[in-house]
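Note that UniProt numbering has the sequence shown beginning at 1, numbered continuously upward.
No wet-lab data here; the hints were simulated from the structure. Among the clues, some could well be false.
Pairwise CB distance ranges, derived in the manner of DEER restraints [to be verified]:
(1) His70 to Gly128: 37 to 43 Å
(2) Ile110 to Asp50: 35 to 41 Å
(3) Cys63 to Phe32: 21 to 27 Å
(4) Gly108 to Thr151: 15 to 21 Å
(5) Cys63 to Asn112: 42 to 48 Å
(6) Leu38 to Asp15: 20 to 26 Å
(7) His70 to Ala26: 43 to 49 Å
Cut-off 27 Å, straight-line C-alpha distance, at most; resulting in silico cross-link-like pairs (DSSO-like, lysine-lysine) [stated by the list, open to error]:
(8) Lys67 to Lys143
(9) Lys115 to Lys92
(10) Lys27 to Lys72
(11) Lys67 to Lys92
(12) Lys27 to Lys13
(13) Lys72 to Lys102
(14) Lys149 to Lys67
(15) Lys143 to Lys121
(16) Lys102 to Lys143
(17) Lys102 to Lys13
(18) Lys13 to Lys92
(19) Lys27 to Lys149
(20) Lys13 to Lys72
(21) Lys143 to Lys72
(22) Lys149 to Lys102
(23) Lys143 to Lys115
(24) Lys27 to Lys115
Cβ coordinates follow ideal geometry from the N, Cα and C atoms, glycine included.
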Amino acid sequence: MPDFLQPEDGVIKLDISQAYFHVPVAKDHCPFLRISYLGQLYEMTCLPFDLASAPRLFSSVACWVVKALHAKRCLVLVYLDDYLLVNQDQSKLYLQASEAIKHFEYLGWILNYQKSILTPKQDLEYFGIRWQTARNRMTLPEKSIHTLKTTIH
Numbered sequence: 001m002p003d004f005l006q007p008e009d010g011v012i013k014l015d016i017s018q019a020y021f022h023v024p025v026a027k028d029h030c031p032f033l034r035i036s037y038l039g040q041l042y043e044m045t046c047l048p049f050d051l052a053s054a055p056r057l058f059s060s061v062a063c064w065v066v067k068a069l070h071a072k073r074c075l076v077l078v079y080l081d082d083y084l085l086v087n088q089d090q091s092k093l094y095l096q097a098s099e100a101i102k103h104f105e106y107l108g109w110i111l112n113y114q115k116s117i118l119t120p121k122q123d124l125e126y127f128g129i130r131w132q133t134a135r136n137r138m139t140l141p142e143k144s145i146h147t148l149k150t151t152i153h
């Protein structure tokens, strides 16, 4: 387990909906992000998903957001648009999740409630890994193990 996680930690997962679309592109760069479809010209005004540098650019933005959340005493792990909030105290964890959501809303970001887990858990999947804080371990989910076994044999 990562050093910042402790046995019995509660975890809440927040997922940003269409995260890249929340990052505007400089006006003078927009002409480089044009496509033509059925004779109509379209121009991206936000970060496109298929741009090679998009993950790196969005990670920079995400790190800035994490710094702001750390300043509010939130313990956060982030990978692109997925935020994991951690705390031993469930009531504090709910408050921190509320603070994070308010901060996202302030930035104009939209939370994907279907992918988010707003109730503290001690067993959840994040970034393709099963996190079990009550047992102080991380494992591959059963589905991934089955896929690996099937692929190898």
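Do the hints match the structure? See the list:
1. His70 to Gly128: 37 to 43 Å: 25 Å Cβ-Cβ, so the 37 to 43 Å window is violated.
2. Ile110 to Asp50: 35 to 41 Å: Violated, since Ile110 and Asp50 (Cβ atoms, about 21 Å apart) do not stay within the stated range.
3. Cys63 to Phe32: 21 to 27 Å: holds, 25 Å
4. Gly108 to Thr151: 15 to 21 Å: With a Cβ separation near 41 Å, Gly108 and Thr151 fall outside 15 to 21 Å, so the hint is violated.
5. Cys63 to Asn112: 42 to 48 Å: violated, 20 Å
6. Leu38 to Asp15: 20 to 26 Å: violated, 33 Å
7. His70 to Ala26: 43 to 49 Å: violated, 28 Å
8. Lys67 to Lys143: Given that 27 Å is the threshold and the Cα spacing comes to 34 Å, the pair is violated.
9. Lys115 to Lys92: holds, 22 Å
10. Lys27 to Lys72: violated, 33 Å
11. Lys67 to Lys92: Holds - the C-alpha atoms of Lys92 and Lys67 are around 18 Å apart, at most 27 Å.
12. Lys27 to Lys13: violated, 34 Å
13. Lys72 to Lys102: Distance ~12 Å between Lys72 and Lys102 Cα, so the pair holds.
14. Lys149 to Lys67: violated, 40 Å
15. Lys143 to Lys121: holds, 20 Å
16. Lys102 to Lys143: violated, 34 Å
17. Lys102 to Lys13: holds, 15 Å
18. Lys13 to Lys92: Satisfied, since the Cα-Cα distance of roughly 15 Å is no more than 27 Å.
19. Lys27 to Lys149: With Cα atoms ~49 Å apart, Lys27 and Lys149 exceed 27 Å; violated.
20. Lys13 to Lys72: holds, 17 Å
21. Lys143 to Lys72: Violated: Lys143 and Lys72 sit about 36 Å apart, past 27 Å.
22. Lys149 to Lys102: violated, 43 Å
23. Lys143 to Lys115: Holds: Lys143 and Lys115 sit about 18 Å apart, inside 27 Å.
24. Lys27 to Lys115: Outside the cut-off at roughly 32 Å; violated.
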